[in-house]
Amino acid sequence: MLKKYNINAQIIFLTVVLMIIPFFFENDFYYEIAILSMLNALIVIGLNLLMGYAGQVSLGHGAFAGLGAYISVVLSTTYGLNPLLSIFISVTIMALLSFLISKPILKLKGHYLAMATLGIGIIISIVLEVEEEFTGGSDGMSVDSFVVFGYEFSDSTAWYVLCAVLLVFTIWAFENLINSPFGRLLRSIHDSEKAANSVGIDVSYYKSIVFVISVVIATIAGSLYAFFSGFISPQEASFSHSIELVVMVVLGGLGRVYGALFGAVILTVLPQLLTSFEDYETLVFGCIIIAVMIFMPKGIASLFDNILKKKEQNSASS
Amino acid sequence: MLQVSSVTKQFGGLKAVDELSFNVKKGTIHSIIGPNGAGKTTLVNMITGVYKVDSGTVFLDGGDITNLATNKLVHRGICRTFQHLEICGNLTVIENVMLGFDKYMDKNILRSCFRAKSILEDEKRYLKRGMHLLDLIGLADFANKEAKNLSYGILKKLEIIRALATTPELMLLDEPVAGLNPKETEEVSELIQTVVADEVTVLLVEHDMKMIMKISDHITVMNFGKKLAEGTPKDVVNNEEVIKAYLGSGALSGR
Ligand SMILES: Nc1ncnc2c1ncn2[C@@H]1O[C@H](COP(=O)(O)OP(=O)(O)OP(=O)(O)O)[C@@H](O)[C@H]1O
Ligand SMILES: [Mg+2]
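Top to bottom, those sequences are chains A and B. The first sequence: position 123 = 122 (numbering that gives the first Met the number 0), numbered continuously. The second sequence: position 3 = 2 (numbering that gives the first Met the number 0), numbered continuously.
These are computed hints drawn from the structure, not numbers from a lab. Accuracy of the hints is not assured; some may be wrong.
Said to hold, decoys possible - Mimicking DSSO-like on lysine-lysine, the simulated pairs with C-alpha atoms at most 30 Å apart in a straight line are:
| id | chain 1 | residue 1 | chain 2 | residue 2 |
| --- | --- | --- | --- | --- |
| 1 | B | Lys127 | A | Lys309 |
| 2 | B | Lys116 | B | Lys106 |
| 3 | B | Lys123 | A | Lys308 |
| 4 | B | Lys123 | A | Lys193 |
| 5 | B | Lys144 | A | Lys309 |
| 6 | A | Lys193 | A | Lys102 |
| 7 | A | Lys106 | B | Lys25 |
| 8 | B | Lys24 | A | Lys193 |
| 9 | B | Lys123 | A | Lys106 |
| 10 | A | Lys106 | B | Lys51 |
| 11 | B | Lys147 | A | Lys308 |
| 12 | A | Lys106 | A | Lys193 |
| 13 | B | Lys144 | A | Lys308 |
| 14 | B | Lys243 | A | Lys193 |
| 15 | A | Lys297 | B | Lys144 |
| 16 | A | Lys309 | B | Lys147 |
| 17 | A | Lys193 | B | Lys225 |
| 18 | A | Lys193 | B | Lys182 |
| 19 | B | Lys71 | A | Lys102 |
| 20 | A | Lys193 | B | Lys226 |
| 21 | B | Lys226 | B | Lys243 |
Generate the whole structure from the sequences, applying the supplied hints.
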């Protein structure tokens with residue numbers, strides 16, 4: 000259903016925030032964290048479409064992002080293709096691949112689907128580690144710089160702008176998608192596949208489509224991260240990265256585009272803030288996550304939902 | 000319009016539906032009755048492709064639709080409701096209805112992402128039609144309520160409205176008034192009659208004998224997966240076999 004409040008207003012707000020933030024950046028490291036946050040946010044927004052809206056869990060998206068990134072990197076760095084073309088080819092390959100595997104695995108539900116995606120993820124990361132000839136094995140490989148139409152993305156500001164534009168655009172497009180008949184169809188699959196089926200929706204087709212969309216976004220973000228950092232290792236495709244992404248989705252709030260953004264930013268920034276705790280960093284980090292899940296089981300985005308609701312009630316009563 | 004010929008479905012050793020045949024005439028209310036476990040829901044599930052038939056055929060207007068998937072059947076003009084509610088709880092009432100219009104709506108991903116005119120127009124047009132449908136059964140006031148917060152009776156009606164939104168030629172209703180109070184039963188009963196007046200054919204599975212006797216044009220009685228009797232409501236109540244089958248369960252007096 001078309002939302003009453005304006006999507007465009009949110010987008011303008013987000014754009015302004017993204018423009019202001021860099022004024023508070025003291026050095027390149029801040030940029031690095033911001034860029035990593037935004038790229039994670041992109042993957043998480045895609046994953047949220049699959050998990051939060053269509054209700055299909057995936058424990059393999061870190062691996063998909065990693066594999067997509069590797070394909071881009073190998074094409075551009077090893078075979079000397081133009082980076083943009085490499086990403087394009089990688090996206091095409093990953094889209095086809097994910098469509099093929101989605102058919103059998105999305106027949107599974109709940110824990111079984113989680114196990115299947117987990118298994119595929121682990122296979123991917125093993126392959127990346129073993130195929131040293133192409134991937135440099137567990138040592139990883141360095142990545143040529145990102146040159147687009149003769150312009151080389153060398154300084155952090157350029158990367159920041161690129162990622163910010165991509166993020167704002169993606170959020171805008173996804174908000175529109177969610178609030179269209181397509182979005183309603185996804186949410187119906189989440190609630191009752193039987194109901195969706197009974198009104199003529201080809202449930203398995205749409206599940207596949209959403210899976211493909213989420214993998215494509217992961218591929219793009221993963222590839223950009225490899226080009227940005229100038230280095231890639233199988234760590235990118237590891238199980239822990241996949242889990243991290245799922246935690247971002249859940250922490251931010253399932254089924255909310257902005258939830259994905261909050262989840263990604265907080266989980267990327269928080270570990271940096273906690274480094275002062277030194278040995279206890281992971282412990283504190285874990286406790287914070289547990290606390291959020293206990294007090295905000297619907298994720299951080301629910302905070303904002305409540306504020307919006309109160310506002311609505313106030314304006315209704317006055 | 001619908002020809003079911005000797006369909007059979009077996010679960011392990013149990014023949015839930017056994018060589019059952021019957022025809023549904025266009026524009027009529029054709030009821031299927033029978034004691035609990037007679038195989039009525041299984042029959043509906045076979046016609047709508049939820050279960051594959053073990054043997055037998057189903058034809059719609061002369062075209063073979065045996066084992067065609069539920070979602071494909073919707074595009075052929077067949078829609079069903081469920082004995083146990085299948086409502087999307089996190090969607091609002093009107094969203095559930097608009098889901099019924101899904102097959103008419105533009106779902107192109109790029110156009111959706113860019114909020115193309117066709118998307119906005121579809122939403123507007125079908126929102127209006129959806130509200131109109133809700134008006135038919137007095138649910139318009141609940142349009143923007145999340146379905147999961149509403150009463151069973153309302154959701155039961157909502158499911159029929161959602162099925163209607165697919166503009167079916169044949170509707171299969173599996174116990175549409177089970178659990179409803181007499182007033183709600185009357186409303187649903189009237190709705191079904193209105194729908195049939197609009198040239199929709201209805202295959203009705205019900206236990207409510209009062210309603211069945213009142214609105215059915217034709218009744219097929221099932222017992223243990225087999226056809227026990229068939230005919231007009233009058234024929235059926237006077238049929239000795241039927242009386243015998245029902246005496247045990249006491250259902251003829253209306254459940
Ligand atoms: N999926 C299944 N697996 C095994 N047995 C089943 C299955 N579905 C139905 N049955 C059995 O088939 C028989 C017919 O069941 P069905 O649900 O079709 O009856 P019904 O006429 O709809 O009954 P009710 O009036 O209680 O809804 C029952 O004995 C039931 O236990
Ligand atoms: Mg039944």
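> Of the hints stated earlier, which fail here?
Replying inline: When the structure is compared with the hints, numbers 7, 9 and 14 turn out to be violated.
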